[in-house]
Amino acid sequence: MSEIREYIGIILIVIGLGFDFLGVLGLVRLPDVYNRLQAATKCVTFGSAGILLGVFVLQGLNSFGFKALLGIVFIFLTSPVAAHAISQAAHRARIPLSKKTVIDQYEEDKELKEGNNVSS
Amino acid sequence: MNVKIKSRLVVFVLSVLVWCALVDVSHIQEVIVGIIVAIFVSLFAGRFLIQEKGVKNIPKRFIKAIVYLFKFIWEMIKANFHVAYIVIHPLCPINPGIVKVRTDLKKDFSLTLLANSITLTPGTLTVDINDEKSELYIHCITVPSTSVDENSKAIVGKFEGLLKEVFE
Numbered sequence: 001m002s003e004i005r006e007y008i009g010i011i012l013i014v015i016g017l018g019f020d021f022l023g024v025l026g027l028v029r030l031p032d033v034y035n036r037l038q039a040a041t042k043c044v045t046f047g048s049a050g051i052l053l054g055v056f057v058l059q060g061l062n063s064f065g066f067k068a069l070l071g072i073v074f075i076f077l078t079s080p081v082a083a084h085a086i087s088q089a090a091h092r093a094r095i096p097l098s099k100k101t102v103i104d105q106y107e108e109d110k111e112l113k114e115g116n117n118v119s120s
Numbered sequence: 001m002n003v004k005i006k007s008r009l010v011v012f013v014l015s016v017l018v019w020c021a022l023v024d025v026s027h028i029q030e031v032i033v034g035i036i037v038a039i040f041v042s043l044f045a046g047r048f049l050i051q052e053k054g055v056k057n058i059p060k061r062f063i064k065a066i067v068y069l070f071k072f073i074w075e076m077i078k079a080n081f082h083v084a085y086i087v088i089h090p091l092c093p094i095n096p097g098i099v100k101v102r103t104d105l106k107k108d109f110s111l112t113l114l115a116n117s118i119t120l121t122p123g124t125l126t127v128d129i130n131d132e133k134s135e136l137y138i139h140c141i142t143v144p145s146t147s148v149d150e151n152s153k154a155i156v157g158k159f160e161g162l163l164k165e166v167f168e
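Note that the protein sequences, when read in sequence, are chains A and C.
With my numbering, the residue at position 56 of the first sequence is 56, and numbering never jumps.
With my numbering, the residue at position 66 of the second sequence is 66, and numbering never jumps.
Isolated chain A, as found in the complex (with noise of 0.2 Å):
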């Protein structure tokens, strides 16, 4: 019985490390920050929750696991806040989006805003 929980858990951290991994080559091969920010919440979330999985699979139901589930919480909780706020502050900063890019509301909503107090 033990042995199948240390192969569930060891299955699950190296799917997390997995997509962790593709994280990281996103993180090379996009091409802008918003992109990159994209691979970097998306994969690095979701690894590092099977990392925590799977530790807490390892170590069974004590304060040891207990802690490994709450930090899947708190990475659920914070990472997409944080790529927000470096997303919002690159935009401020006139960081160019990259060359493929279709499309920019934001950047439309926002110099109509600004000429709009301009005028008045």
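No wet-lab data here; the hints were simulated from the structure.
All values derive from a computational prediction rather than experimental measurement.
One thing to keep in mind: the hints can contain errors.
A short, non-exhaustive set of chain A residues, derived as facing chain C with CB atoms under 8 Å [claimed, not checked]: (1) Arg29; (2) Phe46; (3) His84.
In this text, a Cβ means the ideal position worked out from N, Cα and C, and glycines have one as well.
Fit chain C to the supplied structure of chain A, relying on the hints for placement.
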């Protein structure tokens, strides 16, 4: 009961429970320290958790919340395979852009959850919220279309209905 006091009590109980899960409960001094910390936490930050009273249909909302959780996890697994496919593909097939979507949600809590869910689901990342007009600006890795209404349906529609039933 006053809403603020109720909120502080809930935060207190929750933080004591989390503390007890984290430490070894058989030592009494650990529990005492936990209670002291929980008192401080609920004094300083307790009033933010519950901000209104008279919420109805709590069991129904609870079931909907669990349905939402499972839907969210499913969407998130899909998101991961989507990003993994793009990253592994030799040409990186992306078509990025920032689009604007509208939502009917009004409360801060549900808007926050919606923005977080959108960030963790396929190909989308919330850049900014305009909470006066309930508009979200979303960076998409592949833009579905240029019209605001179609985008709203495609991106927000998946979660909006459930979140509305849970929180509003």
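Verification of the hints:
{"no.": "1", "hint": "Arg29", "verdict": "holds (6 Å)"}
{"no.": "2", "hint": "Phe46", "verdict": "holds (5 Å)"}
{"no.": "3", "hint": "His84", "verdict": "holds (5 Å)"}
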